[in-house]
Amino acid sequence: MSTENTAPNSSKLTPFNLIAGLIVIVGLFITVLRFTKGLGAVSNLSNHSPWGIWIGFDLLVGVALAAGGYVTSAAVYVFGMKRYHSAVRPAVLTGFLGYLFVVIALHYDVGRPWRLPYPFIVGWGTTSLLFEVGLCVALYLTVLFLEFTPAPLEWLGLTKTRNLAVKLTMVLTIFGVVLSTLHQSSLGALFLIAPSKLHPLWYSPYLPVFFFVSSIIAGLSMVIFEGSLSHKAFHHKMDATHLQESDGLVLGFGKAAALVLAGYFTIKIVGITAGNHWHLLTSPYGYWFLVELLGFVALPCLLYAMGAREKNLKLIRFTAAWTVAGIVLNRLNVSVIAFNYHLPVAERYFPHWMEIGISVFMVTLLILVYRFIVTRMPILYGHPDYQANH
Amino acid sequence: MAISRRKFLGWMGAAGIGSTVAKSAGAASTGHFTGYPGSMGVLHDITRCVGCRSCEAACNQVNNLAAPTKPFSDLTVLEQKRATTNEAYTVVNRYESSEPKAAIPVFRKIQCNHCLEPACASVCFVRAFKKTEKGPVLYDPSVCVGCRYCMMACPFEIPTYEYNEPLTPRVLKCTLCAPRLEQGLLPGCVEACPKEALTFGKRTDLIQIARERIRNHPGRYLNHIYGENEMGGTSWLYLSSVPFGSVGLREDLGIKPAPELTAGALSIVPMVVGLWPVLLTGVFAMNKRKEKIAAQEQAQAVAAAVAEAQRKAQTQLTQALDKAKKEKDKALEQAEKAKEQAVKKALEAAATATETKPQTKGEGEEV
Chain B
1 MSTENTAPNS SKLTPFNLIA GLIVIVGLFI TVLRFTKGLG AVSNLSNHSP WGIWIGFDLL
61 VGVALAAGGY VTSAAVYVFG MKRYHSAVRP AVLTGFLGYL FVVIALHYDV GRPWRLPYPF
121 IVGWGTTSLL FEVGLCVALY LTVLFLEFTP APLEWLGLTK TRNLAVKLTM VLTIFGVVLS
181 TLHQSSLGAL FLIAPSKLHP LWYSPYLPVF FFVSSIIAGL SMVIFEGSLS HKAFHHKMDA
241 THLQESDGLV LGFGKAAALV LAGYFTIKIV GITAGNHWHL LTSPYGYWFL VELLGFVALP
301 CLLYAMGARE KNLKLIRFTA AWTVAGIVLN RLNVSVIAFN YHLPVAERYF PHWMEIGISV
361 FMVTLLILVY RFIVTRMPIL YGHPDYQANH
Chain Z
1 MAISRRKFLG WMGAAGIGST VAKSAGAAST GHFTGYPGSM GVLHDITRCV GCRSCEAACN
61 QVNNLAAPTK PFSDLTVLEQ KRATTNEAYT VVNRYESSEP KAAIPVFRKI QCNHCLEPAC
121 ASVCFVRAFK KTEKGPVLYD PSVCVGCRYC MMACPFEIPT YEYNEPLTPR VLKCTLCAPR
181 LEQGLLPGCV EACPKEALTF GKRTDLIQIA RERIRNHPGR YLNHIYGENE MGGTSWLYLS
241 SVPFGSVGLR EDLGIKPAPE LTAGALSIVP MVVGLWPVLL TGVFAMNKRK EKIAAQEQAQ
301 AVAAAVAEAQ RKAQTQLTQA LDKAKKEKDK ALEQAEKAKE QAVKKALEAA ATATETKPQT
361 KGEGEEV
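If you're matching them up, the sequences are chains B and Z in order. Mapping to our numbering: the first sequence position 278 is 278, numbers consecutive. Mapping to our numbering: the second sequence position 260 is 260, numbers consecutive.
Pulled out of the complex, with its shape left as it was, chain Z reads as follows:
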């Protein structure tokens, strides 16, 4: 196949179908992923472990790690609860059991559990972690940015960091001895265990072996295989005589694979990308339209007011003109009348004058 499944899923994710990818970070199927067929794992029978630290020594040797300050034969280190470090991919801790029937201390080996659907792989934004089909969860330092989200995410608190490397720090953890598996060798710790507390094999076979041991020794084991379902299942499996919580294995992790925890949040992303612009553009358009309508209404109101004012002014003007005309007419009329009267008077006066003149003349003539 030209396109790898991972690449395809990456494209799907990039296209915004994050939710489906998250759910199937480790598997293409939509159902419960129970591991790649034939993938390998290790069964750690806590009841067989004597805390000899041979596994620690072997791990140190096969991974070429720095020699510890105290030799591996020094068992006093067991007095402290230890965690994996960048110089010890596996450690054994001693737990004093509070159970009265198990008065002896129990020992538990700690290392990467190689989850079927690892939290570290699902949270890595450069995909530096990979669950291989053979079982190991592997880390690629050539792409790692060093954000340490894998360490935040790991429910078993396994990955460690080279805090004293200024420029090239790596995240370090157990590789399930993937390079040795390639050569057909056992993981270093499994090979070194003198008590057969560690069994390497196909995970499906290991579950059968564990079930058989529980069935054959019901008094010796709790009826639970830790790692069969925890966090969706891990490649390392544990059998114990005491509650797993008392040997530092958390019992509250649930059976959901880690990627499911973030699947919901990732599934919202394309919805926001798709719908937010629609909503925001809608709100913007509504506001713009509201503003436009308000502006239009304002313009209309102004226009109406202006028209009304003009109309009023016009009427007033007409009225004033009318009035003026009337007054003018009246004045003219009056003037006309006055004129007529004056003329009349003048005529009358003239008439009277002409009548009296001859009289006077006559009188004069008469005289």
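So that you can see chain B by itself, here it is in the shape it has in the complex:
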């Protein structure tokens, strides 16, 4: 099955491939520069702004948008929503690739990437939230890899190993949800240490809760969003089950996202109230905060609810993309835009084009690897030899 279906991609010189190729070349060029000239040559990072978009986008957004893996597998295996089963494999694959590229991107940002295992070998800095993030991401990447293995094992025809991997599903799912709860929230908790640097509208003792709850929203929206992209690109790869379940999935996840967004909106209001920051809403940062809260939390909540009520799949798909943009905005607000709000404009951080270049490079590589896998392995369709086990 796999070999025949690579045929439609045989003409390699598509516009997508050309652009992707160009990005990869530029990305490799910046990579060389980074590891020969240092961070200073390729970034606008400074002593005041030691974290830029490689943390704000590649790490924070990357991890949040890779939440589809744990959200979907929890929905299907723990909460028993078996009708969404065909969504698990693509979601787990995106989750796995998302985390993989988060870790790869980190190699650019940290000074001595080969020391990334040091926290667990020589350091044990357990008082650091970053230790928790590191440990959970390392473990979760392993979990996602194991959750993903049935697909390549089916592709390779290793039935025995595949059946063993499938047996682990339940344990892996629960472990995955625990780890995701921990590191999704800890990414927000990273900023708890700096109340004097993060604008009070975004700084809150509830930051870990905000990050965790919004990761669920990100996961749900990402599954819908990426599903609609896949439908355009890999429709021929999807089997009857996948196509049949996908409309129900969009509706169901849209409804769930509306609910979680409503909860998220509520706790954001609680956050402002608890800090008594209402008066700050009339400042420029306040307007920006309202753009995020009303435009990218309240609005999508409403649109999702409308879409679910009217069974308007198009509206739900649009809202999913909108919500994903909202997650990007929120993570960048916390890590970059509202961070160092106290500094004069001249000392503020704005990403160097090469920083953006590496982020685009990472996303492109992710898409290329995703394409390589779904055109070969049973991701969007059930493998004919293993149908009974689905």
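Incorrect hints may appear among the rest.
Label pairs and their computed distance ranges (CB to CB) [to be verified]:
no. : chain 1 : residue 1 : chain 2 : residue 2 : range
1   : B       : I267      : Z       : E297      : 37 to 47 Å
2   : Z       : V302      : B       : T161      : 30 to 40 Å
3   : Z       : Q296      : B       : T169      : 20 to 30 Å
4   : B       : T161      : Z       : M271      : 34 to 44 Å
5   : Z       : R215      : B       : L280      : 37 to 47 Å
6   : Z       : E297      : B       : T169      : 21 to 31 Å
7   : Z       : N223      : B       : P344      : 23 to 33 Å
8   : B       : L280      : Z       : N223      : 24 to 34 Å
9   : B       : P384      : Z       : K323      : 52 to 62 Å
10  : B       : K232      : Z       : G282      : 22 to 32 Å
11  : Z       : E191      : B       : I267      : 53 to 63 Å
12  : Z       : E308      : B       : A325      : 53 to 63 Å
13  : B       : A240      : Z       : K288      : 21 to 31 Å
14  : Z       : G282      : B       : T273      : 27 to 37 Å
I should point out that these hints are in silico values taken from the structure, not numbers from a laboratory. Bear in mind the structure is a predicted one, so any value in this text is a computation, not a measurement. Think of the CB as a built atom: it goes at the ideal place given N, C-alpha and C, for glycine as much as any other residue.
Place chain Z on chain B using the hints.
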């Protein structure tokens, strides 16, 4: 003691008791940590500083840092607000005070404040930073990964990074001249200060000295020792005639030591690890049971329906058989009757025949 306190705390943290460790990153006691007994510090009397940059020059020399583009005697650099860099662990800034009584500019020296419970040490995931019992907060480049979380966390924006080192960048900052202290020497900056704006000593003594100065010159000083309680207390202490905010020292940092800011979040970790699997397994088990019961009920319903259908079929069959039997009996009866009648008729016919035959014969005989 075979096991160091730090190691022990590390194990406790690893065992999931993160909250207690976070709170006591700098101290084993649960109460307010006021510094290791006898630990050293520096009192910077801002009112005495003339902005001569001698401390900067000394710092540059004792730390073997690269020579700056402009010599230290060039005071025009004071026209710009400067921050510490990886080539200058300390800088002096000039602040034009808006206070009418202090028309002259004031100068303030900037360097690592060597917090009692440092944010950098609490956020470092390889424990590259350490608050030593003597006072200095020290950095170990041999374990540093270069994540720069320390720089994000430092409320005084002190640690700096070698951004132009491609493979071996370090985080650099003032060491309170720990190597010189080992040799019984003063920190370079303190030794170089010509105006005694810097006083080195035991932190507890420095607080007494500062209090005395405030008491003796109430008009000259604000009644506040910056660093006594800020961020839980720092080894560097400041006296000033103008509000600390106007000389670039933030007044909104609060008195909570940095580790307390993350203690709550860390304390949730073991709770999630302990309870989430229980909750999720519970939900899973409930769903599985629901499915099982549904399947059982379905099976029961199917069985009942089948039984009912069978029963109905049986009755119908019995009825049909009965009916058929009855019909058969009836038919037999009728046949029997018909037979009897036929026999009877035949007999009668025969009888009649035998009666008439002799008659005919007789008639014939008679004829």
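**Message:** Of the numbered hints stated earlier in the document, which are not met by this structure?
**Reply:** 10
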